[in-house]
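Protein chains in written order, with my numbering: chain A, 1 to 240; chain B, 1 to 320.
Don't read these hints as lab results, they were simulated from the structure. There could be a bad hint or two in this list.
Looking from chain A toward chain B, a few residues come up when the C-beta cut is under 10 Å (computed) [as the list claims (entries may be wrong)]:
(1) GLY56
(2) HIS87
(3) ASN103
(4) LEU186
These numbers were taken from a predicted model, which means no experiment stands behind them. Even glycine gets a Cβ: it sits at the ideal position worked out from N, Cα and C.
These are the residues of each chain, in order.
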Amino acid sequence: MAEPGAPILEVRGLRAGYGAVEVLRGVDLELRAGEVVALLGSNGAGKSTLNNNLSGIYRPFAGSIRFLGEEIAGAPPTRIVEAGLVHVPEGRRVFPDLTVRENLELGSYRRGRAARARNLERVASIFPRLGERARQAAGTLSGGEQQMLAIGRGLMGEPRLLILDEPSLGLSPLLVEEMFALVGRLNADGLCVLLVEQNVVQSLAIAHRAYVLEHGAIALSGPAAELARDPALRRSYLGL
Amino acid sequence: MSARARLLLALGAVAALALPLVLPSNYAVNVAVMILFSAFLGQAWNIAGGFAGQTSFGHVVFFGTGAYASTILHATWGWNPWLAWPMAALAGGAVGLGIGALAFRAGLRGSYFALVTLAFAEVFRILANSAEFTRGGLGILIKADARAANFQFRDPAWFYYVALALVAASLAIAWWLRRSRFGAQLAAIRENEDAARALGIDVLRAKTLCMGISGAMAGAGGTFYAQKYLYIDPTIAFGVEKSVEMLLVSMIGGAGTVFGPLVGAVALGFVGEATRALTSAQGLGLVVYGIILVAIVARLPDGLIGLFARRAARRGGRDA
Ligand SMILES: Nc1ncnc2c1ncn2[C@@H]1O[C@H](COP(=O)(O)OP(=O)(O)OP(=O)(O)O)[C@@H](O)[C@H]1O
Ligand SMILES: [Mg+2]
Numbered sequence: 001m002a003e004p005g006a007p008i009l010e011v012r013g014l015r016a017g018y019g020a021v022e023v024l025r026g027v028d029l030e031l032r033a034g035e036v037v038a039l040l041g042s043n044g045a046g047k048s049t050l051n052n053n054l055s056g057i058y059r060p061f062a063g064s065i066r067f068l069g070e071e072i073a074g075a076p077p078t079r080i081v082e083a084g085l086v087h088v089p090e091g092r093r094v095f096p097d098l099t100v101r102e103n104l105e106l107g108s109y110r111r112g113r114a115a116r117a118r119n120l121e122r123v124a125s126i127f128p129r130l131g132e133r134a135r136q137a138a139g140t141l142s143g144g145e146q147q148m149l150a151i152g153r154g155l156m157g158e159p160r161l162l163i164l165d166e167p168s169l170g171l172s173p174l175l176v177e178e179m180f181a182l183v184g185r186l187n188a189d190g191l192c193v194l195l196v197e198q199n200v201v202q203s204l205a206i207a208h209r210a211y212v213l214e215h216g217a218i219a220l221s222g223p224a225a226e227l228a229r230d231p232a233l234r235r236s237y238l239g240l
Numbered sequence: 001m002s003a004r005a006r007l008l009l010a011l012g013a014v015a016a017l018a019l020p021l022v023l024p025s026n027y028a029v030n031v032a033v034m035i036l037f038s039a040f041l042g043q044a045w046n047i048a049g050g051f052a053g054q055t056s057f058g059h060v061v062f063f064g065t066g067a068y069a070s071t072i073l074h075a076t077w078g079w080n081p082w083l084a085w086p087m088a089a090l091a092g093g094a095v096g097l098g099i100g101a102l103a104f105r106a107g108l109r110g111s112y113f114a115l116v117t118l119a120f121a122e123v124f125r126i127l128a129n130s131a132e133f134t135r136g137g138l139g140i141l142i143k144a145d146a147r148a149a150n151f152q153f154r155d156p157a158w159f160y161y162v163a164l165a166l167v168a169a170s171l172a173i174a175w176w177l178r179r180s181r182f183g184a185q186l187a188a189i190r191e192n193e194d195a196a197r198a199l200g201i202d203v204l205r206a207k208t209l210c211m212g213i214s215g216a217m218a219g220a221g222g223t224f225y226a227q228k229y230l231y232i233d234p235t236i237a238f239g240v241e242k243s244v245e246m247l248l249v250s251m252i253g254g255a256g257t258v259f260g261p262l263v264g265a266v267a268l269g270f271v272g273e274a275t276r277a278l279t280s281a282q283g284l285g286l287v288v289y290g291i292i293l294v295a296i297v298a299r300l301p302d303g304l305i306g307l308f309a310r311r312a313a314r315r316g317g318r319d320a
């Protein structure tokens, strides 16, 4: 794994929520070049809310988000994607009536358009299944294949930072293994990943650092290896 | 397009061109004109409601805006109707952009958007009913002067050919949309707006632009209607009936498909004529319409086109 370097993403005092409901009550978080950072937390802790605010799908109430030195809090998603922050949302949201290839091409709509052909080949080599099914409607893929498609579509935009929200959700154990191996390989090629996962053990195994979100604030953070030994975390998430 | 599809299309075009020559009466030609016109308006609805998934209950607002725009220019200001025609499309497009920008900026989706379009149509109807320059509830008469230079024809076959040209143009627009980058964005928005946004698609811009295109088409339709019947009033121009018709032909034929509105318009046209021929009972046609609509929605969610597509899929083709 690459040695962590300059800050890519710096989140300070982020407050966000829906309407009058505040879900995030001041989140601080940081991602450095070459890192995989795991974001853990129980259901409803606000992990997806954080992602949605980072990628501009929702606008934060307050706080700052700096991405590659540029303030992006409250910026429209078009600009955030252009800057290279690509979010693969929870729940494999592929476009079912479009073909696999059309889905992938839409991933390079804002960014990476020039190298689209090369990136299509790259995604097909990472996910051979997608290459084989390029002309098939995405809705006819299996659940695991749709998840691959959602990730492949994210890669089409040549991200500097890739946010994966529960990429292993609903995958068979073997595919979960593959999924984590893939994140490791992408990171070895220099990609920064913010990984939201329910598979705490595996996430901590591939991540450099991790944050634990509880009641809308960061309750724990540190090197992944240390957190994996943390008694409080082991009790609440691993049932040990 | 497969060779077979191209052959079918060519045959269809030849048959459509020859149709007025073989139809037995002016009445039959007029029915054909109304079917084509309905297909054209349905396609306008389909661009927004089908391709982009922005279901509207008030699409008549663009039709009525276009009808009033060109009719006022022509009847009040003395413009040649052919010249006034593009202005009707511009007016319909502008209203489409305006309503789209307002509604989408406010974050209205699904049934909220549908109801807001309905409200806009109603507001326009009331305004047309009370304003001076629309001559209120009296409506506007266009002086009969049947010359081609005046966009009026004694022989309905000429209206047929103008309507056919409109339908051909609308099919071309729909075909282009299916294949263009813009069309792919609209499809993404229709299928999952949040995912589309996460990919950096400018959802607001794409949806608004799509309403503009759709509105311009319906606006152009308004001029055609006014020139054919030489009279418009607020109920004709902004009444809910046309909105429903646009939505129906599209849904029955197959929303979001290139040929859906045409297929739907032909089917509904035949049903309308058949009920009229078989019975003189008032309103029976509407009952039959209703039954057919319920049956289609329940049994054929992809519309009549879905039937052909399913058969093609069983044969192994994929070009629907
Ligand atoms: N669109 C929304 N409108 C209103 N409240 C929402 C919305 N989305 C999420 N919430 C609320 O915000 C809180 C945090 O939800 P969020 O989806 O961020 O949790 P999460 O950590 O991703 O959970 P999970 O692990 O189940 O995915 C929850 O209480 C949820 O009910
Ligand atoms: Mg979540």
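Handout entry: Hint check, A:ASN103 versus chain B [nearest Cβ-Cβ separation less than 10 Å]
Key = holds (8 Å)
Problem - A:GLY56 as chain B interface residue, shortest Cβ-Cβ below 10 Å - result: Holds, because the Cβ-Cβ distance from A:GLY56 to chain B comes to roughly 8 Å (cut-off 10 Å).
Handout entry: Hint check, A:LEU186 versus chain B [nearest Cβ-Cβ separation less than 10 Å]
Key = violated (18 Å)
Handout entry: Interface hint status, A:HIS87 versus chain B (Cβ within 10 Å)
Key = holds (5 Å)
This entry does not satisfy hint 4, going by the numbered hints stated previously; all others are met.
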